[in-house]
Amino acid sequence: MKKFACVLLLFAGPVLADIQPEPLMVVKSLPESYPPHWIIAQDGSFFHMSNGKFIVLDADSDDPVGRFKGMFNGSFIAQFYQGKTSPHMYIAETYHSRGNRGDRTDVLTIYDKANLAPVGEVILPPKRSSNMPTNFNLQLVGDEKFALVYNFTPGQSVSVVDLDKREFVGEIPIPGCALVYPMAGSAFASLCGDGAMLSVQLDEQGQQASSNRTDRFFDPDNDPLMEKAALHKGIAYFPSFNGAITAIDLNGLKPVVLDTWSIVDGIDGGWRPGGISVISANSTGKLYVMMHPDGGKGTHKSPGFEIWVIDAGSHDLVRRIEMTTPVLTIALTRDDGLLVGTNVEMNIDVYDANSGELLRTLADFGQETPFLLHGSN
Amino acid sequence: MKWLDSLTERRTRTIAQRTSRRGFLGKLAGVIAGSAATMPLLPIARAAEGGNPAPSESGDPNSCEYWRYCAIDGFLCGCCGGTMNSCPPGTEMSPITWIGTCENPVDGKSYIISYNDCCGKSSCGNCLCMRSEGDRPVYRPQLSNDLNWCLGTKSNVYNCSTAIVIGTALDE
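Line by line, the protein sequences give chains A and B. According to numbering that gives the first Met the number 0, the first sequence is numbered sequentially starting from 0. According to numbering that gives the first Met the number 0, the second sequence is numbered sequentially starting from 0.
It is worth saying that the hints were derived from the structure and are not from the lab. Note that the structure is a prediction, hence the values are computed from the model and not measured. Honestly, I wouldn't trust all of these hints.
FRET-style restraints, in silico, Cβ to Cβ [claimed, not checked]: (1) Gly-58(B) <-> Pro-30(A): 51 to 59 Å; (2) Ser-57(B) <-> Gly-119(A): 55 to 63 Å; (3) Gly-268(A) <-> Ser-57(B): 47 to 55 Å; (4) Ser-57(B) <-> Gly-284(A): 13 to 21 Å; (5) Pro-104(B) <-> Gly-365(A): 38 to 46 Å; (6) Arg-165(A) <-> Lys-153(B): 23 to 31 Å; (7) Ile-266(A) <-> Gly-58(B): 32 to 40 Å.
Quick list of in silico lysine-lysine cross-link-like pairs, DSSO-like style, CA-CA up to 30 Å [claimed, not checked]: (8) Lys-83(A) <-> Lys-27(A); (9) Lys-83(A) <-> Lys-232(A); (10) Lys-108(B) <-> Lys-52(A); (11) Lys-232(A) <-> Lys-164(A); (12) Lys-108(B) <-> Lys-296(A); (13) Lys-27(A) <-> Lys-52(A); (14) Lys-153(B) <-> Lys-126(A); (15) Lys-253(A) <-> Lys-232(A); (16) Lys-83(A) <-> Lys-52(A).
A few chain B positions that, by computed beta-carbon distances, are all more than 10 Å from chain A [claimed, not checked]: (17) Glu-56; (18) Asn-61; (19) Asn-84; (20) Ser-85; (21) Pro-88; (22) Val-105; (23) Gly-107; (24) Asp-145; (25) Leu-169.
We treat Cβ as the ideally placed atom computed from N, Cα and C, and that holds for glycine.
Work out the full structure: start from the sequences and follow the hints.
Here you go:
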């Protein structure tokens, strides 16, 4: 018997301390200012649109689990805006009282970046446009005092929210025009179906003070501007179906069309812009444009096989970055260091934005259809 | 589609080519719908109207390549409990929509196709199909395939899309 006890002791190993009781109810939080290489993946959940989500990811991380920092929801093709002057994120979304049916409620929901939790909401008229996500369905203007939400019923208008009061203050009709491009001060512009641009200036109460309309400056029939633009220093850069870029200065009271130039002339291969987001600008005025070869009628949403880096000032083609896997949408991190793109497998490829080297792929993080990506502010 | 075909099977890969929502109008101005009516340039209400012509046609109406779907973007209702020109049980057909112009290879004629959405249930999830020729940005909504056309219905939740012939088109 003694022998047996000794054998048992030999195999028992060192005595382990008990796991100590742990605190309950712990919920993690994030920094208010995210590290520069964190990104936000806007997942439209195309197969169940009422349950979309936004996922915060560390694009620097090679840890497939640890790179997932948190998430929050957005219902029915929600639109997104990330605050520049406050640690808030804004979602324009739609609910029905019985899930997919019942009374409709449109709401502007305000999330704080640290807790990814709603800290406020403003009920909107049930009119917001449920189109594919863009960066120009929801914008903030006037030092982020006013939120603007594009409506389509199919009547076209913009809902104005006073964010100081957190209340809806009015609706501005924009017949024949669409989306909201932020202008200097409390103003916005919209692209119009006749090839012009409308601008609307708000007063201090968020009501329309005045409006202007440019002459027709593009041809929506033969070479439409895409509604997908990049903003740099108040200038909006719009690619066209056939491969031109039009620059429009939004810094004044009225939009001023600066110039239009082709980025494909003299380059073989039938390259054209295309995709979901199509274009992004870095802080030094380099435009990153998603391009596909053999373009033509109906290819303006084709994924990007290359990203062309265009100098907005000189119009030079600075670099062509070949995508390992074609991408549907792109974004840049705020330090200009990383180029991220949702590829056709719905994973996110992370490239060095300068060298074009593929650094890693963010896969299997619970995503389904991350239609848009956003560098964190 | 070549890029898509080259990839291996995976549902999310299929989504990739098909992420926008709507079809488009292939031939634009000056076409005539039906016997004499001028085709409207704005979204139209025709869902409840009868008397649609029945053209001779062939092929698989649940294939994305089927001629009527030249301008569609969404889930094909024929794969969702409905047909190419009827909604699945329990849904509601949107009375306003966008239209496309597609050529029927059997008779070589172009037809006006109304892509009325079926609404009130979540995405069908079957037979996702997107073909973008003639699609225009949302500032031309009547031609834009990025818009949800479940408008004027009890619920704006999108289920699937039909493709209903409403008349012949004249060449531009």
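Hint by hint, here is what the structure shows:
For Gly-58(B) and Pro-30(A), the Cβ-Cβ distance of about 57 Å falls inside the hinted range of 51 to 59 Å, so the restraint holds. At about 57 Å, the CB distance of Ser-57(B) to Gly-119(A) agrees with the hint of 55 to 63 Å. A C-beta distance of roughly 37 Å is found between Gly-268(A) and Ser-57(B), which places it outside the suggested range of 47 to 55 Å. Ser-57(B) and Gly-284(A) have their C-beta atoms about 54 Å apart, which leaves the hinted 13 to 21 Å range violated.
A hinted range of 38 to 46 Å holds for the C-beta pair Pro-104(B) and Gly-365(A), which are about 43 Å apart. Remark: the range hint 23 to 31 Å for Arg-165(A) to Lys-153(B) is upheld by a beta-carbon distance near 30 Å. Between Ile-266(A) and Gly-58(B) the beta carbon distance is about 38 Å. The supplied range of 32 to 40 Å therefore holds. As the CA atoms of Lys-83(A) and Lys-27(A) are separated by approximately 24 Å, the hinted pair is consistent with the 30 Å bound.
Between Lys-83(A) and Lys-232(A) the CA atoms are separated by roughly 14 Å; this keeps the pair inside 30 Å, and the hint holds. Between Lys-108(B) and Lys-52(A) the CA atoms are separated by roughly 44 Å; this puts the pair beyond 30 Å, and the hint is violated. Our distance criterion of 30 Å between C-alpha atoms is met by Lys-232(A) and Lys-164(A), whose separation comes to about 28 Å. A distance of roughly 20 Å separates the Cα atoms of Lys-108(B) and Lys-296(A); the hinted pair therefore holds under the 30 Å criterion.
At most 30 Å may separate the alpha-carbon atoms for a hinted pair to count; Lys-27(A) and Lys-52(A) meet this at roughly 18 Å. For the hint linking Lys-153(B) to Lys-126(A), the alpha-carbon distance of about 13 Å falls within 30 Å, and the restraint holds. Of the supplied pair hints, the one linking Lys-253(A) and Lys-232(A) holds, its CA atoms being roughly 16 Å apart against a limit of 30 Å. A distance of roughly 21 Å separates the Cα atoms of Lys-83(A) and Lys-52(A); the hinted pair therefore holds under the 30 Å criterion.
At roughly 22 Å from the closest C-beta of chain A, the C-beta of Glu-56(B) stays outside 10 Å, upholding its exclusion from the interface. For Asn-61(B), the requirement that its beta carbon stay farther than 10 Å from each beta carbon of chain A is met, with the minimum near 18 Å. With a cut of 10 Å on Cβ distances, Asn-84(B) stays outside the contact zone with chain A, its closest approach being about 22 Å. Once the 10 Å rule is applied to beta carbons, Ser-85(B) is consistent with being away from chain A; the minimum gap is 20 Å.
No beta-carbon of chain A comes within 10 Å of the beta-carbon of Pro-88(B); the shortest separation is about 14 Å. Distance to chain A confirms Val-105(B) as a non-interface residue, since its nearest Cβ pair spans about 22 Å, more than 10 Å. Residue placement check: Gly-107(B) keeps its beta carbon more than 10 Å from all beta carbons of chain A (closest about 19 Å). Once the 10 Å rule is applied to beta carbons, Asp-145(B) is inconsistent with being away from chain A; the minimum gap is 4 Å.
Annotated as non-interface, Leu-169(B) keeps its C-beta farther than 10 Å from every C-beta of chain A; the closest such distance is 18 Å.
Consistency note: the structure conflicts with the earlier hints numbered 3, 4, 10 and 24.
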